[in-house]
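Novice: Spelled out, the chains give:
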Amino acid sequence: MLARRLVKLSPHVALLPMALTVLLAYVGGALWTLRTSFTAARTFPSDKFIGVAQYVRLFDNERWLLSLHNLAVYGALFIIACMVLGFLLAVFIDQNVKGEGVLRTVFLYPYAMSFIATGLVWQWLLAPGSGIEGALRQMGFAGFSFDWIVHQDLVVYTVVIATVWQASGLVMALMLAGLRGIDPEIYKAARLDGIPAWRTYLQIVLPMLGPSVATVFLLLTTAVVKLYDAVVAMTQGGPGIASEVPAKFIMDHLFLRSNIGLASAGAVTLLVPVLALLAPYAYARSRRARAGGAHA
Amino acid sequence: MVTPRTKAAACAWLWAAASALSLALPSAPAHAAARAEVIHWWTSGGESSAVKQVAQAFRNAGGVWVDSAIAGGDQSRAVTINRIIGGNPPTAAQFNTSKQFTDVIEQNMLNNVDLVAKAQDWDRILPQPLIDVIKHDGHYYAVPLNIHMQTWIWYSKAAFKKAGIDKEPASMGELFAALDKLKAAGLVPLAHGGQSWQETVLFSALLANIGGRDLYLKVIRERDQATIKSAAMRDVLLAFKRMKSYVDAGSPGRNWNDATAMLISGKAGIQVMGDWAKGEFTNAGQLPGQHYGCIPGLNPDTPYLMQGDVFVFPRTDNPNAIKAQQLLANVVSQPELQVAFSKLKGSIPVRLDANAAVLDLCAQKGIEIIKDRSRQLGVTEVYLTPDQNGALQDILTAYWNMDIKVDKVQRSIANALKY
Numbered sequence: 005m006l007a008r009r010l011v012k013l014s015p016h017v018a019l020l021p022m023a024l025t026v027l028l029a030y031v032g033g034a035l036w037t038l039r040t041s042f043t044a045a046r047t048f049p050s051d052k053f054i055g056v057a058q059y060v061r062l063f064d065n066e067r068w069l070l071s072l073h074n075l076a077v078y079g080a081l082f083i084i085a086c087m088v089l090g091f092l093l094a095v096f097i098d099q100n101v102k103g104e105g106v107l108r109t110v111f112l113y114p115y116a117m118s119f120i121a122t123g124l125v126w127q128w129l130l131a132p133g134s135g136i137e138g139a140l141r142q143m144g145f146a147g148f149s150f151d152w153i154v155h156q157d158l159v160v161y162t163v164v165i166a167t168v169w170q171a172s173g174l175v176m177a178l179m180l181a182g183l184r185g186i187d188p189e190i191y192k193a194a195r196l197d198g199i200p201a202w203r204t205y206l207q208i209v210l211p212m213l214g215p216s217v218a219t220v221f222l223l224l225t226t227a228v229v230k231l232y233d234a235v236v237a238m239t240q241g242g243p244g245i246a247s248e249v250p251a252k253f254i255m256d257h258l259f260l261r262s263n264i265g266l267a268s269a270g271a272v273t274l275l276v277p278v279l280a281l282l283a284p285y286a287y288a289r290s291r292r293a294r295a296g297g298a299h300a
Numbered sequence: 024m025v026t027p028r029t030k031a032a033a034c035a036w037l038w039a040a041a042s043a044l045s046l047a048l049p050s051a052p053a054h055a056a057a058r059a060e061v062i063h064w065w066t067s068g069g070e071s072s073a074v075k076q077v078a079q080a081f082r083n084a085g086g087v088w089v090d091s092a093i094a095g096g097d098q099s100r101a102v103t104i105n106r107i108i109g110g111n112p113p114t115a116a117q118f119n120t121s122k123q124f125t126d127v128i129e130q131n132m133l134n135n136v137d138l139v140a141k142a143q144d145w146d147r148i149l150p151q152p153l154i155d156v157i158k159h160d161g162h163y164y165a166v167p168l169n170i171h172m173q174t175w176i177w178y179s180k181a182a183f184k185k186a187g188i189d190k191e192p193a194s195m196g197e198l199f200a201a202l203d204k205l206k207a208a209g210l211v212p213l214a215h216g217g218q219s220w221q222e223t224v225l226f227s228a229l230l231a232n233i234g235g236r237d238l239y240l241k242v243i244r245e246r247d248q249a250t251i252k253s254a255a256m257r258d259v260l261l262a263f264k265r266m267k268s269y270v271d272a273g274s275p276g277r278n279w280n281d282a283t284a285m286l287i288s289g290k291a292g293i294q295v296m297g298d299w300a301k302g303e304f305t306n307a308g309q310l311p312g313q314h315y316g317c318i319p320g321l322n323p324d325t326p327y328l329m330q331g332d333v334f335v336f337p338r339t340d341n342p343n344a345i346k347a348q349q350l351l352a353n354v355v356s357q358p359e360l361q362v363a364f365s366k367l368k369g370s371i372p373v374r375l376d377a378n379a380a381v382l383d384l385c386a387q388k389g390i391e392i393i394k395d396r397s398r399q400l401g402v403t404e405v406y407l408t409p410d411q412n413g414a415l416q417d418i419l420t421a422y423w424n425m426d427i428k429v430d431k432v433q434r435s436i437a438n439a440l441k442y
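These protein sequence lines map, in sequence, to chains D and E.
Letter by letter, the first sequence follows residues 5 to 300 of the working numbering.
Letter by letter, the second sequence follows residues 24 to 442 of the working numbering.
It should be emphasised that the hints constitute simulated quantities derived from the structure, not laboratory data.
Glycine is no exception: its CB is placed at the ideal position from the N, C-alpha and C atoms.
Among the hints, erroneous ones may be present.
As the list claims (entries may be wrong) - Beyond 12 angstroms from chain D on every Cβ pair, some chain E residues (computed):
hint : residue
1    : ARG82
2    : ASN83
3    : ALA101
4    : ARG147
5    : GLY161
6    : GLN218
7    : ALA262
8    : ALA377
9    : GLN416
10   : ASP426
11   : VAL429
Said to hold, decoys possible - List of simulated lysine-lysine pairs, BS3-like, C-alpha gap at most 30 angstroms:
hint : chain 1 : residue 1 : chain 2 : residue 2
12   : E       : LYS264    : E       : LYS185
13   : E       : LYS264    : D       : LYS52
14   : E       : LYS190    : E       : LYS206
15   : E       : LYS441    : E       : LYS158
16   : D       : LYS52     : E       : LYS441
17   : E       : LYS75     : E       : LYS252
I would like the entire structure built from these sequences, with the hints used as guidance.
Specialist: Structure follows, in C-alpha cells:
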C-alpha cells in the first residue's frame, strides 16, 4: 500500500525542483520587481514606498515612449515577416524538392547564431561605405545608397531585417512539421476539384495548421518583447536614441543609470502586454479543453 | 610484505597529505603585509602604465597590490557594487569624481578616510566641487587621485595653417569664424564622434563658454526650471545644433580616439574633448605648442570643468584590510605619485602643492587656472545623479541627430531634470 502511494507521488517529487525554481525565481522575482517599482530604489533596493511615482516618471520619459513605439513597429513587422517568410519556405520545401535535407539545414542555420553575432554581422553588412552599399558600388552601381542604419527613421527596419533573417528558419521548421502532419489526400482532393495550389494552401491547409501557427506566434512574441542583444550589437540604440527598445531601456537603468526603481517600473509595464496576449489565449485553450472533455 | 608497489602507494599518499596540509595551513606569517585588492578600469595603454605607478608606489610602501582590472567603466562599477552587496568587497575600488557612489555612501557601505583627510588638510586645499562629492555628513569617503578637464578645445596647427587661421580663437565668434575657414579650406572643421557622451561633452563646453559659471550652475546644479527655459539657454542649444553643421558624414558612432586621429593627421581642425586626448597626440609623437594646441576656455573666466578618479574603500572590519586601505589612501595622496600618475594619464594632480614642472604645457595651463577658485566647477556628473545625467544625455543626443524645435528641447530638459 505504502509502496503504491510512493510510486504515485514520484512524478510530483521529480517535478519539485522545477516547481521550486519557477516559484522562487520566476514568480518570486516578478513579485520582487513589482514591489521595487513602487519604491524609491536607486543603486540599491530601498524600503521607501512612493506609490506610482516611478510610473509617472516612466511615462514622462521620451526615451521610454520612443522605445514602446519602436517595439510596436518592430513587433508587427517582425511577426508578419517571419510568419509569411517561414510559411513560404515551408511550403517550398514541402514540394518534395531534391536536396530537401540540405535546404532545410541551410534555412535553419541562422537560428544557431546568437542575436549578438547576428547583430554584429548585419551591422557590418549594412555599414554605409562598406558592406552591401560598398560592394554594389564597387560592382558598378555607383549611385547605390543603402545607409538606413544611420538614419533616424529607417534604423528600426534594419533591426527587422537582421532578426527576420535569423528567426524565419525556426518558423519554417515548425510550419514544416505541421505541414507534414496534413493528410496528402487533401491535396489530391483539392486538385480533383480544380482548386489552384495557392488557394489550397491559403484557405484549406493554413487553417488546419492552427496549433502550429499559434505556437509560432507565441515564440515570436516572446522574441519581440525580449529584443535587447540584437539592438545592442547592431546600433547601440542609435543613432542617438532612434532604435531604442524597452528591454534596453530597462537594462541601462538597472546598471549604468543606477535606478532600479525606474527599471522595475519599466519591466512591469513590459509584462502587461505579454499577459494581455497570453491570458485570453490560455483562457480560450482551457475552455476548449473543458468543452472537449465534457463531450468525451 | 612491503612491495615496491606498496612503497609507491605510501609515498603518493604522504605527498598528497603533505600538500593538503600545507594548503590548509596559512602560508603568510602572522604580521601579514598590507594586501590590497583594487578594482579599476584603467586598461588602455596610457592608463595601465599610470596605474602601474600607483602599484609600484604601494609596493615600495610595503603593501601587496592585487590588481583587478575590468575593462569598461560601467562594467567595473557594476562589479564593484555587486561585490559590495554580495559581502566580498575589494579592498579599494575606482570610481569617477561624481555622484556614482553617493548611494553606496548613504547605505553605509564605505569606510571613511578622515585620518588621511585631516593629516593633509583637505578642507583647505581641495577644490570645492571635489569636496562636495567625497564628503558626506562631515566625513570623507574617497581619495581623489587626479583632476581631468572634460572640455578642452584641441586644434591641429597644420590644419589651422592650411586654413589661414593665424591665432587661437579667443571668443565664441572667433571659434565659429575659425570653423568656417576650416570648412572653406576643405578640411573637416570639427572632429566629433557621434556617441551620446561625446555630444554631452560638446554641450557642456558650449554651456561653460557661452553661458559662463552662473548659467552652468543654475542649469546643472540647481536644475532651475525657469533658467532651463530661458533665452540664454536657448542660445547655448542653438550654438550646439550649429556645431552639427561642422562635422563630417562619418561621425555617427565614431570613437573619441578616432576623432583625435583626424586631428593628428591634419584632416580635421578642432576637437572638443577631455585632457585624456593628450595621450593620443603623445603616442603619435606630437608635442603641444608645436603640432597641436590646447585651449582650456575661450574667455578668461570660462569655468574649468573638473572630473577625475577616486578610490573608495568598502566597509570592512578586518584589521589587515583596514591597514591596507589606510596605506593605499596615504600612498595615493602623495604629491610625487600624483604627478607621476598624471604625467602618464594626461590629468593634473589634485594637490596644488605638487611640483608640476615635469608636466606638459597644457597641464601647466590647467594647474594655473585651477588656482582661481571661481573657475572651479564640475562636469555634469558631479552635480547630477547617473539617471539625471543619462536623461539629459538622451535629450541632447536626440536633438543633435534629429530636427527638433529648440523650445521643445528646452521643455524636455526641464522635464527630465525635474525628477
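Novice: Look at each hint and say if it fits the structure.
Specialist: Here's how the hints hold up against the structure:
Remark: the non-interface label on ARG82/E is consistent with the geometry, its nearest Cβ contact in chain D lying 33 angstroms away (cut-off 12 angstroms). For ASN83/E, the requirement that its beta carbon stay farther than 12 angstroms from each beta carbon of chain D is met, with the minimum near 35 angstroms. With a minimum CB-CB distance of about 5 angstroms to chain D, ALA101/E fails to clear the 12 angstroms threshold, and the non-interface call is violated. For ARG147/E, the non-interface assignment is confirmed: its Cβ lies about 31 angstroms from the closest Cβ of chain D, beyond the 12 angstroms cut-off.
Even its closest Cβ contact with chain D, about 22 angstroms, leaves GLY161/E beyond 12 angstroms, as expected for a residue assigned away from the interface. Against the 12 angstroms criterion, GLN218/E falls within the reach of chain D, whose nearest CB is about 8 angstroms from its own CB. The non-interface label for ALA262/E is consistent with chain D: the shortest C-beta to C-beta separation is roughly 19 angstroms, beyond 12 angstroms. Remark: the non-interface label on ALA377/E is consistent with the geometry, its nearest Cβ contact in chain D lying 33 angstroms away (cut-off 12 angstroms).
In this structure GLN416/E is not separated from chain D by more than 12 angstroms, as the shortest Cβ-Cβ distance comes to only about 9 angstroms. Its beta-carbon lying about 9 angstroms from the closest one in chain D, ASP426/E breaks the requirement of being farther than 12 angstroms from that chain. Residue placement check: VAL429/E keeps its beta carbon more than 12 angstroms from all beta carbons of chain D (closest about 15 angstroms). Restraint check for LYS264/E and LYS185/E: satisfied, since their Cα atoms lie roughly 26 angstroms apart, inside the 30 angstroms limit.
Restraint check: the Cα-Cα separation between LYS264/E and LYS52/D comes to about 41 angstroms, which exceeds 30 angstroms; the hinted pair is violated. Between LYS190/E and LYS206/E the alpha-carbon distance is near 17 angstroms, which keeps this suggested pair within the 30 angstroms criterion. For the given pair, LYS441/E sits about 25 angstroms from LYS158/E by alpha-carbon distance, which is consistent with the 30 angstroms threshold. Annotation: proposed proximity of LYS52/D to LYS441/E holds, straight-line Cα distance about 19 angstroms (limit 30 angstroms).
Our distance criterion of 30 angstroms between C-alpha atoms is broken by LYS75/E and LYS252/E, whose separation comes to about 47 angstroms.
The earlier numbered hints that this structure contradicts are 3, 6, 9, 10, 13, 17.
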